[in-house]
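**Student:** Protein chains in written order, with our numbering: chain U, 1 to 316; chain Z, 1 to 257.
Simulated from the structure, these hints should not be mistaken for laboratory data. Predicted model, so just to flag it, every value in this text is computed and none were measured. Treat the hints with care, as some may be off.
[What the hints assert, rightly or not] The calculated SDA-like cross-link candidates involving lysine to any residue, where the alpha carbons are at most 20 Å apart (straight line), are:
1) Z:K102 with U:V194
2) Z:K102 with U:L149
3) Z:K102 with U:K156
4) U:K123 with Z:R32
5) Z:K24 with Z:G67
6) U:K209 with Z:V60
7) U:K209 with Z:Q127
8) Z:K102 with U:P195
9) U:K209 with Z:L142
10) Z:K102 with U:T212
11) U:K123 with Z:K102
12) U:K209 with Z:K102
13) Z:K102 with U:F253
14) Z:K102 with U:L198
15) U:K156 with U:N256
16) U:K71 with U:K209
17) U:K310 with Z:E137
18) Z:K89 with Z:P61
19) U:K77 with U:F253
20) Z:K118 with U:S197
21) Z:K68 with Z:M121
22) U:K209 with Z:G67
23) Z:K96 with Z:F59
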Amino acid sequence: MKEETLNIKPMETRGFRQFNLKKKLRISEALIQGLLFFAGILSIFVTVAIVYELGKEALLFFNDPDVTLGKFFGTTKWQPGIGQYGIWALVSATLTTSSIAILIALPLGLASAVYLSEYATQKMRSILKPILEILAGIPTVVYGYFALLFVTPILKTIFKDGIQVYNMLSAGLVMGIMILPLIASMSEDALSAVPRSLREGAYAMGATKLETSLQVVLPAALSGIGAAVIVGISRAVGETMIVAVAAGAGPNFSFNPLDAAETMTGHIARISGGDLSYNTIDYTSLFAIALMLFLVTLVLNLISQWVVNKFREQYE
Amino acid sequence: MENINYAIETNDLSIHYGSFTAVKGVNMKVERQKITAIIGPSGCGKSTLLRAFNRMNDFVPGCHVTGKLLLDNQNLYGKDVDPVEVRRKIGMVFQKPNPFPKSIYENIAWGARINGFKGKMDELVEQSLRSAALWDEVKDKLQQSAYALSGGQQQRLCIARTIAIQPEIILMDEPASALDPISTLRIEELMQELKKNYTIIIVTHNMQQAARASDYTAMMMIDDQRAGGVIEFDDTKTIFTRPGDKRTEDYVTGRFG
């Protein structure tokens with residue numbers, strides 16, 4: 001150890017000092033705290049306000065003597081103007097298109113995430129990730145016309161007359177392409193966050209790259225991947241433009257992807273864009289659909305959360 | 001001396017990161033069923049050298065190795081050598097315990113399974129945990145997460161999973177540096193048990209540990225080009241009592257480092 005080189009005056013020569021330990025008013029601290037609190041409370045307020053408004057108008061719909069929950073959930077034709085209130089006509093299309101989208105986006109997104117995080121060289125990653133992010137930034141209306149004018153004609157050559165011009169398959173496929181970069185990018189973040197020590201532990205056991213990626217890194221990243229899937233599902237269920245353009249313009253209870261059908265979001269967009277007088281059943285029904293949309297998203301989120309909790313492997 | 005059985009030999013082994021030479025010209029013969037310690041000041045390349053033994057440095061971009069590393073007369077850096085197979089023969093225990101985020105049972109079974117183990121898994125798990133002196137502590141909670149264990153127990157679990165794949169050599173990279181003194185002692189006792197069946201190479205910062213636990217000691221030091229090298233390699237007793245090199249003497253007597 002070296003000699004003490006710092007020159008500190010001995011205690012005695014410093015003399016007595018009066019310490020001031022009183023609380024000080026720090027304006028910038030208080031200000032920033034206030035601002036941050038405001039930002040937090042604002043988003044909560046907006047959410048509550050939306051739910052309130054939805055609930056209020058939807059209540060008007062359900063209070064109509066003609067509407068019953070039995071009809072709402074128990075029938076499959078939707079045309080409030082003539083007394084048909086079967087929400088399944090719209091829910092079926094939303095579930096079909098979203099399922100197709102997730103079936104496309106989940107495996108492809110996960111595969112590209114594993115490639116980017118475990119296999120790609122630094123250089124490859126620095127090229128591919130920005131491209132993925134550009135893909136995520138394409139306006140959905142462009143995707144919509146891509147589905148209608150590019151994908152549908154291709155499907156036409158495969159299925160011939162079996163497929164309608166507007167169909168859920170084309171919309172679902174393109175929706176899958178749309179959410180793929182989202183799932184890939186978020187999953188890649190989750191995979192990259194898995195500590196290197198876990199990979200090293202696996203490699204030191206004589207594991208191959210594939211065994212390490214799929215059996216050690218992937219399970220450890222599952223909660224982050226689950227979050228990606230939840231966001232992906234929510235995007236798919238809530239997506240409007242693609243389905244409005246390519247899936248069809250009329251409620252149709254069908255789970256056949258080759259059929260034309262209108263999703264909840266597509267229906268809301270179409271009806272609210274037309275002439276609509278306030279306080280008619282057509283008007284209040286939109287809020288009922290929106291509430292249902294909320295519910296579907298919530299249920300799907302709960303299911304994915306449950307799946308993730310069941311299978312994830314938590315590190316630290 | 002002719003009958004000595006060497007587990008692994010290095011022949012002018014050098015490790016480079018790009019154009020920088022991190023470890024230069026190491027010649028070592030590591031004896032079978034002994035504990036060989038690698039000591040030296042921080043940054044002298046101890047861990048780099050250790051990681052060269054099971055080709056963990058392959059994962060470091062720009063790292064390449066020259067010279068030879070011989071296991072059973074095969075150069076582990078030969079062109080047709082599969083690093084995955086190398087790591088199955090030469091296991092490794094890391095500085096910070098890194099169990100997999102799986103159950104205690106699965107931590108051991110996983111490595112055996114990917115290595116094609118076909119026997120009775122329950123028996124292998126028990127046997128491995130017993131060899132790592134962990135069985136009595138965990139036998140009632142094999143299905144719990146490995147992260148529920150203490151640091152010392154996690155480290156012994158990592159040793160157990162390494163034993164389960166039956167390697168020839170176990171590399172230990174400061175295995176006790178993150179542990180309390182009691183856990184450290186247990187690891188050292190365990191090493192004495194393990195050397196009956198395995199060859200152990202251990203990197204350690206702790207000179208008492210090297211003196212207590214090892215049979216041979218390699219002293220590493222950096223030269224004026226900042227390349228690390230083994231400056232002295234001998235019986236642990238010799239290194240600590242009458243070292244041949246002045247720098248070794250200064251280091252082991254605590255005059256620097």
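**Student:** Next, verify each hint and record whether it holds.
**Tutor:** Taking the hints in turn, this is what the structure says about them:
1. Z:K102 with U:V194: 14 Å, holds
2. Z:K102 with U:L149: Roughly 49 Å between the alpha carbons, so the hint for K102 of chain Z and L149 of chain U is violated.
3. Z:K102 with U:K156: 48 Å, violated
4. U:K123 with Z:R32: 43 Å, violated
5. Z:K24 with Z:G67: 10 Å, holds
6. U:K209 with Z:V60: With a Cα-Cα distance of about 15 Å, the restraint between K209 of chain U and V60 of chain Z holds, given a limit of 20 Å.
7. U:K209 with Z:Q127: Given that 20 Å is the threshold and the Cα spacing comes to 28 Å, the pair is violated.
8. Z:K102 with U:P195: Since the Cα atoms of K102 of chain Z and P195 of chain U sit roughly 15 Å apart, the hinted pair holds (cutoff 20 Å).
9. U:K209 with Z:L142: Roughly 27 Å separates the two Cα atoms, so the pair is violated.
10. Z:K102 with U:T212: 13 Å, holds
11. U:K123 with Z:K102: Measuring from Cα to Cα gives roughly 33 Å; hence the hint is violated.
12. U:K209 with Z:K102: Holds - the C-alpha atoms of K102 of chain Z and K209 of chain U are around 18 Å apart, at most 20 Å.
13. Z:K102 with U:F253: Status violated; Cα separation ~45 Å.
14. Z:K102 with U:L198: Distance of about 11 Å is within 20 Å: holds.
15. U:K156 with U:N256: Within the cut-off at roughly 15 Å; holds.
16. U:K71 with U:K209: 55 Å, violated
17. U:K310 with Z:E137: Distance ~27 Å between K310 of chain U and E137 of chain Z Cα, so the pair is violated.
18. Z:K89 with Z:P61: 24 Å, violated
19. U:K77 with U:F253: 7 Å, holds
20. Z:K118 with U:S197: Status violated; Cα separation ~28 Å.
21. Z:K68 with Z:M121: Judged against 20 Å, a Cα distance of about 37 Å means the pair is violated.
22. U:K209 with Z:G67: Since the Cα atoms of K209 of chain U and G67 of chain Z sit roughly 26 Å apart, the hinted pair is violated (cutoff 20 Å).
23. Z:K96 with Z:F59: Within the cut-off at roughly 18 Å; holds.
The structure does not agree with the numbered hints 2, 3, 4, 7, 9, 11, 13, 16, 17, 18, 20, 21 and 22 stated previously, though it agrees with the rest.
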